[in-house]
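J.: Under my numbering, the first residue of the sequence shown carries the number 1031, and numbering increases by one thereafter.
Note that these hints are calculated values from the structure, not bench results.
Incorrect hints may appear among the rest.
Listed next, the in silico DSS-like pairs over lysine-lysine satisfying Cα-Cα at most 27 Å (straight line) [to be verified]:
{"id": "1", "residue 1": "K1224", "residue 2": "K1190"}
{"id": "2", "residue 1": "K1207", "residue 2": "K1190"}
{"id": "3", "residue 1": "K1075", "residue 2": "K1058"}
Derived CB-CB ranges, DEER-like [to be verified]:
{"id": "4", "residue 1": "K1075", "residue 2": "I1143", "range": "15 to 21 Å"}
{"id": "5", "residue 1": "C1204", "residue 2": "L1226", "range": "31 to 37 Å"}
{"id": "6", "residue 1": "P1066", "residue 2": "R1237", "range": "40 to 46 Å"}
{"id": "7", "residue 1": "T1225", "residue 2": "K1075", "range": "15 to 21 Å"}
{"id": "8", "residue 1": "R1237", "residue 2": "Q1196", "range": "45 to 51 Å"}
{"id": "9", "residue 1": "C1170", "residue 2": "S1139", "range": "30 to 36 Å"}
Note that beta-carbon positions come from the ideal geometry of N, C-alpha and C, so glycine has one too.
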Amino acid sequence: MSSSSRLCIEHVENIGIHYYQTLRMWRKNFLDRQKPIMALGFDDKFIRTWEYYFDYCAAGFKTLTLGNYQVAFSRPGNVAAFADSYKGFPSAYYFISIPEERYNEYRLSSDFIKEYIFPGGCLPSLARVTSAMSSSSRLCIEHVENIGIHYYQTLRMWRKNFLDRQKPIIALGCDDKFIRTWEYYFDYCAAGFKTLTLGNYQVVFSRPGNVAAFADSYKGFPSAYYVA
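Model the full structure from these sequences, guided by the hints.
T.: Encoded structure:
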């Protein structure tokens, strides 16, 4: 398991998720690297857009993105740790998943992604996440959506943009092996989402009784005022 994966697990188990601080750190690191980013062909609008993104998310952190916690969040104990830090507003957990029937075999094996891209990574299944959430916390699921087919299109765009910028990337010191590795990564992942071998889920959850957070879609209908 990589040091980053171990850090994620320890962070969830012992500290809780302070995503606000993470976003502020990402913002600083991003802005500190404006010049090399713009040297790749990105303009000031690109910089300002991402600066706004970091500020917008950090300001309210009503949406909690846990893509980096895919290993940790599929474990019941870690879900309980997260639930304890949960403040009650609707939040979204975003993760790439693998089908439940393949989970155990996948967890104990290796593949291109685990070997070369995300060492120590482990995709959860939707069933593992939802069962851990229901058995280890008071959180309830409000909405589930699989956006995998849209992520396929995103990966194709990333691949094109990446290959269009080969020369400035190589100028940074990256070699042809680096280019081929990432080209294969984009193709490998895109195929997984296009064939529905992989899922890309957004799960919105809240606490029971959090009525104020959700509008009553039946308000104004006679049935909304009927009491048995």
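J.: In this structure, is the beta-carbon distance linking T1225 and K1075 contained in 15 to 21 Å?
T.: Since T1225 and K1075 have Cβ atoms about 35 Å apart, the given range 15 to 21 Å is violated.
J.: Check the hint pairing K1207 with K1190 against an upper bound of 27 Å on the C-alpha distance.
T.: holds (17 Å)
J.: If I claimed the Cβ atoms of R1237 and Q1196 lie 45 to 51 Å apart, would that claim hold in this structure?
T.: 49 Å Cβ-Cβ, so the 45 to 51 Å window holds.
J.: Please verify whether K1224 and K1190 have alpha carbons no more than 27 Å apart.
T.: Roughly 17 Å between the alpha carbons, so the hint for K1224 and K1190 holds.
J.: If I claimed the Cβ atoms of C1204 and L1226 lie 31 to 37 Å apart, would that claim hold in this structure?
T.: holds (32 Å)
J.: If you check the beta carbons of P1066 and R1237, does the distance land in 40 to 46 Å?
T.: holds (43 Å)
J.: Is the distance from the Cβ of C1170 to the Cβ of S1139 consistent with 30 to 36 Å?
T.: holds (34 Å)
J.: Would the pair K1075 and K1058 pass a check requiring their Cα atoms to be no farther apart than 27 Å?
T.: Answer holds: K1075 to K1058 is near 17 Å, not above 27 Å.
J.: Is 15 to 21 Å a correct range for the gap between the Cβ atoms of K1075 and I1143?
T.: violated (32 Å)
Checked against the numbered hints given earlier, this structure breaks hints 4 and 7; the rest are met.
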